[in-house]
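Novice: Start from the sequences, fold in the hints, and give me the full structure.
Chains as they are written, first to last, in this note's numbering: chain R, 1272 to 1665; chain B, 491 to 852; chain A, -1 to 294.
Among the clues, some could well be false.
Unchecked claim - List of simulated lysine-lysine pairs, DSSO-like, C-alpha gap at most 30 Å:
1) R:Lys1483 <-> A:Lys129
2) R:Lys1538 <-> A:Lys113
3) B:Lys631 <-> A:Lys164
4) A:Lys164 <-> R:Lys1577
5) R:Lys1377 <-> R:Lys1604
6) R:Lys1583 <-> A:Lys164
7) A:Lys113 <-> R:Lys1658
8) A:Lys164 <-> R:Lys1538
9) R:Lys1655 <-> R:Lys1604
10) B:Lys680 <-> R:Lys1311
Simulated from the structure, these hints should not be mistaken for laboratory data.
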Amino acid sequence: MKRWVLVPAVVVLASACLCPVSSLAWPWSRKAEEKAESVKIGAIFAVTGPASFLGAPEAKTAEMLVEKINAAGGVNGHKIELIVKDSGASPEKAVSFCKQLIEEDKVLAIIGPSTSGETMQIKPICEEEKMILVSCAAAEVIVNPVAKYVFKTPQKDSQAVTWIYQTMKDMGISKIAVLSGNTGFGQAGKKQLETMAPDFGINIAVNEVYDKGATDLTDILTKVKAGEVQAVVNWSIVPAQSIVAKNMKQIGMDAPLFQSHGFGNLKYVEQAGEAAEGILFPCGRLLAIDVLPDDHPQKAVLAKYKKDYEGKYNEPVSTFGGHAYDALMIVVKAIENAGSTDREKVRDAIESMKGFVGTGGTFNFSAEDHNGLDLGAFEMLTVKDGKFVLMEKK
Amino acid sequence: MTRRALIPVAVLAAILAGIQLAVSAAGRDYYLTQLIMSAYYAIVVMGLCLVMGYAGQISLGHAAFFAIGGYTSAALTTRNIPAAHDAAWSGVLRSAGLLWARPDLYGETLVTVSPWAAFVLAIALAVLVALLIGWPALRLKGHYLAMGTLGFGLIVYRIVLGTEFLGAADGITGVPPWEIGLGIVISERKAFRVVNYYFAWGLVLLVLLLLLNLVHSRVGRALRSIHGGEQAANAMGVNTAGYKLKAFVLSAALAAAAGCFLTHYNRGIGPSEAGALKSVRYVALVAAGGMANLWGVLFISTLLNFLSLRGFFGTFDHAAFGIILIAIISLTPEGPLAPVGRWLRRGRGPQPGTVRDDDTQG
Amino acid sequence: MSQILQYVFSGLTTGSIYAVVAIGFNLIYSTTGIINFAQGEFVMLGGMTAVSLSLFMPLPISIMIAVLVVAVCGGVLEIVFFRRLRSHSVLHMIIITIGLSIVIREAALHIWDEKVRSLPYFTGNECSSVKLLGAAISPQVFWVLGAVAVVVAALHCFLRYTLWGKAMRACSSNPIAAALAGINTSNMRTLSFAVSAGIGALAGCMISPISMSRYDMGTGLAIKGFAAAILGGLGNPMAAVFGGLAVGLAEAFSVIRLPAAYKDATAFAILLLALFVRPHGLFGSRAADEAREIAE
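Specialist: Next comes the structure, spelled out in C-alpha cells:
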C-alpha cells in the first residue's frame, strides 16, 4: 500500500476521532438541543463486561420504561431523556461517567451503578455534589451510614440470609457448607452468612470461594461432600449457580441446595435442568407472579412489567432488571409527588415516600432508611417441574 | 540534552496550558477530569514504551505494577492500625510524617500510614517485584516472555481479587486526599481540579524529558542495540541482561507511581485496574503509538483514553481498542504519526529515536 | 480413596478442556511459529455457533456445521491478517493475535449477547453420572476425552501419512527448505489455522454442556491452554495433552490445601515455574526450538 494513500487515510481517521475533542475549541457552537421541557436522568450500568448479567437487563428495563412514559406524555408534562453509560463494571469508568453526568449533562438523578464496588466509589462524589443516586447494587454499606442523597433499591442481603437461615432452622439443619463466587455480590453474601450463622445456631463446616468463571466445581464439592454437611448454600452469579447444582447431583450429593436471590431468572433453572429441582432461595415475588393471590398489592405491577419486558425483548424477566425498574419509577414518582424538577424537592420526595409498590417489594423510605424494604419483600421460592413456586411451609 | 530537543516539550507545555485556559474560560472544565486521568495512564504507557519499543521486550502484565502501586497506597492509607493509637512509638512516627491520624466517617480517629510514606513503600514494593520477576523472565525470548509476563499479571490480579484485606472484588474506597505540599492536593474535588491538571501533566512532561534523555544517551543506544540483535549486542560487550532489567524496573516504578497518584485522585481503586484487559490495553496503546516512538505513544494514549473515559465508544469500548490496534500494527507499524515525523525531518538524514522493526529479527 | 479419585476425575474434566485448547496452539505454532492468542475464541465460537444452530437442526449436524464454519473463519483470518504481514516480527504477530481475540470476543458479544447458553448433554442429562470405584463423573466428560483422543489420533495420522500432513511438518521444521522443495508454505499456514480453529470449535461444542458457553469464556481458556502447551513443550501434540491434564489435576488437588479462591493462581504459578525452570517444557527440546529461531 502506497504511503501517500495511507497517510491521508490515517489523518482522516485521526481527525474523525478528534471531532469531539475539537468541540473544546468551539464551545460556543454547542447545539441548543437541550429541550427546554425534558428532564434528564442519568444511568450508569455495566451493560457489557463481567457484570453484564446485571447491567444488560437493567439498561433494557430503563430504556423500555422511558419509552413508555414518554409515549404517555412524560412525567408532569416533561419528557424524560435517559442517558445510559456503559461502565463495564470498572470503578474508574464509573467515576468518570458520574462526573460527566453531574457536570456536563447536569442530570436530575443518577440510577445505578450495577455493582457495589462502583457504587461505593461514586457515593462520596454524589454526596458532595448533591446529586441524587438511586443505586441498583446490593451492598449494605451503600445506605449504612446513610448519605443524604444516596438510595438503593435491591433488598438487603441480610434479609435474604435471614430467610435462608430461618428456613434451615425450620428444617432442622445446623451444619452447612457455604460456597461463594469471588464477585462483590458473592463476597457480600458470604459476609452476611458468616455474621448471622451463630444467631440461628448454624455451623459453617466448609467455607470456600471460587472463581466466577469456573467451568467445573466437582473438586470443591468433593471437599464439601467430605465435610458431611446437611445443606449447601451457594452465593454466586451465573454460570456457577447452575454448575454447582449439576455437579452436586453428578457426584451424588442429596443435601438440599440453597441459592442466593441472584438465582432469580428462569433461564438459570433451564440451564441446570433436572438438577435444579428442589433448589431453595429467597426471592422477590417477580418470579412467582402466577402463584400470588389476585389481591396481592404487587401483583398488578409485576404482571405488567413481566408482560412488557418479555414482549419487547423476548427473554425472561429477572430480578436484576427489576432493581432498575424500581430505581427509575421511584425517581419518576418523586418528581410527580414533588410537582417539580428541583433536585432538593425530588430528594425530599423520595425520602418521604411510603407505600411505593415496586418489583422488589413495597418501599417505605425514611431519613434513616434509604432502602425502604423489609423482610416482607422476600418469599422463599423453590423449583418444581422446572418452574418457580412458593415453598410450602411444613 | 540539546536546546533544540527541548523545543517540542516546551511547545507541548504551552499547548497544555492553552487547553486549560480555553476550557476554563468556556466554563467546561469538566474535560480536565478525563485529561487528568489520561495523563496518569500515559505515564504507564510511556514506561512500557521504553521496555517494548526500545528494549524490544514484550510485557503483557504491566497493569500489575500499576495495581501494586495503587493498592499499596490505598490499603496503607485506609486500614487502621489499632496498635498505633496510643503507643509511644507511633507518636514518633507521626511527627516524622510516616503515620497520620484523621477522623473517619463515624467520627472516630483513624491512624494509618501517611500518603507520602505509603507512596515510597509502594514504589519500593513495585521495584522489588520487578526485580524478582524480571531477572528470570527477561532471560526468556519472544512469546515465552509474553506468556511469562501475562502469567505474572494474572497472578497479581487473582491475589488482588481474592484477598479480603485488599477489598476483594469491590476494591478499596475512601482513599484520602494527599497533600503534597506547596498547596497541591491530589484529590478529585472541584476546587483542586486545575491544580491537579497541572500537576498530572507536569509529571507527564517530567517523565517525557527523563525518557527522551535516556533514549538519546548511551543507555538508550544500548537498549536499541538489544532490540536490534541481542547476540550482536552481547558480542560487543553490552550488558544486555543488566540493561533489560533496568528498563523493566524503571517502567515498573513509573507504573506504580502513576497508580499511587491516580488512586488518590479517584479516591479508590478496583481489581479491574490489575486485569489482563488493562495490560493488553497498555500494550495496544504502545503498539498503536508506534512502538519506539515516545511522542506517538503519548499522543495516541491520551487521545484514546480520553475518548474511552468519556464513553465515546459506548459498548464497543474494547472492540475499538482491538480494531485500532490491528489496523495500526498492520498498516503503519511505526505509528500513525511516523509519516508526519518523517515529513518534518525530510532532508536531514536518518534520525535516532525511532527503531524500524523491519530490520530486526525475531 | 474415593475422595482422591473424585479429585482425579475433577482434574480430568477441566484438564481435558485445557488439553484440546493446547493442541490447537501447538498446531499453529509448529507450522507457523505464531502463538495464536485467539485460540480460545475459536473454542467459544464453536460452542456459540452450535447452540444457535441447534435451535433448528439436529445436534450432530449443528456441531459439524459449526466446526466447518469456524474452520473457514480461521483460514480467512490467516489470509487477511498474516499472509500479507510475513515480514513482521514476533512482537507484532503476538500483538495482532491479541487484537484479533479482543475483536472476535466483542463481535460475539454483539452478535449473540451476554447470556450464558449451552448445548444439551449428548448422553444423559444434568444429573446423570457414571460411578467408578466410589467416585462419580459425568458421561459428557467421556465425550470430551473421546474427542481429544480422536483428534490426537487423527492429527497424528494426518501429519505422518498424508501428503499435506507431511508438507505441514516440512514447513514446521524448515520453512525455507520446504519452499525450495516446492511446497506452498502460505497455503500450509492457512490450512494449519483452519484445522486448529476446527479443533477448537469441536472442543467448544464438547464442553458446552459442562461448562456452558458465553462470549467471554475464550480468554480464560486460552491462558490456561497456553500454560498447558508450554508445560508440555511446544511442538508436540501429545505433550500438549499431557500438559493440559497435568494443569487440570494440579488445580483440582490444590483445592485440598489452598483456599479455592487461589485455584486459578495455581495454573499461572505452574506456567511461570515451567517458563523459568524449563521453558521448553517437559517434552520439548531446546534444539528444536533453536532450530526454529535460526530458520525464521
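Novice: A separate judgement is required for each hint: does it hold in the structure or not?
Specialist: Consistency of the hints with the structure:
1. R:Lys1483 <-> A:Lys129: Roughly 28 Å between the alpha carbons, so the hint for R:Lys1483 and A:Lys129 holds.
2. R:Lys1538 <-> A:Lys113: holds (9 Å)
3. B:Lys631 <-> A:Lys164: Holds, at roughly 28 Å.
4. A:Lys164 <-> R:Lys1577: violated (60 Å)
5. R:Lys1377 <-> R:Lys1604: holds (20 Å)
6. R:Lys1583 <-> A:Lys164: violated (55 Å)
7. A:Lys113 <-> R:Lys1658: holds (20 Å)
8. A:Lys164 <-> R:Lys1538: Not satisfied, since the Cα-Cα distance of roughly 48 Å exceeds 30 Å.
9. R:Lys1655 <-> R:Lys1604: The hint is violated at about 37 Å.
10. B:Lys680 <-> R:Lys1311: Distance of about 22 Å is within 30 Å: holds.
When the structure is compared with the earlier hints, violations turn up for hints 4, 6, 8 and 9 and for no others.
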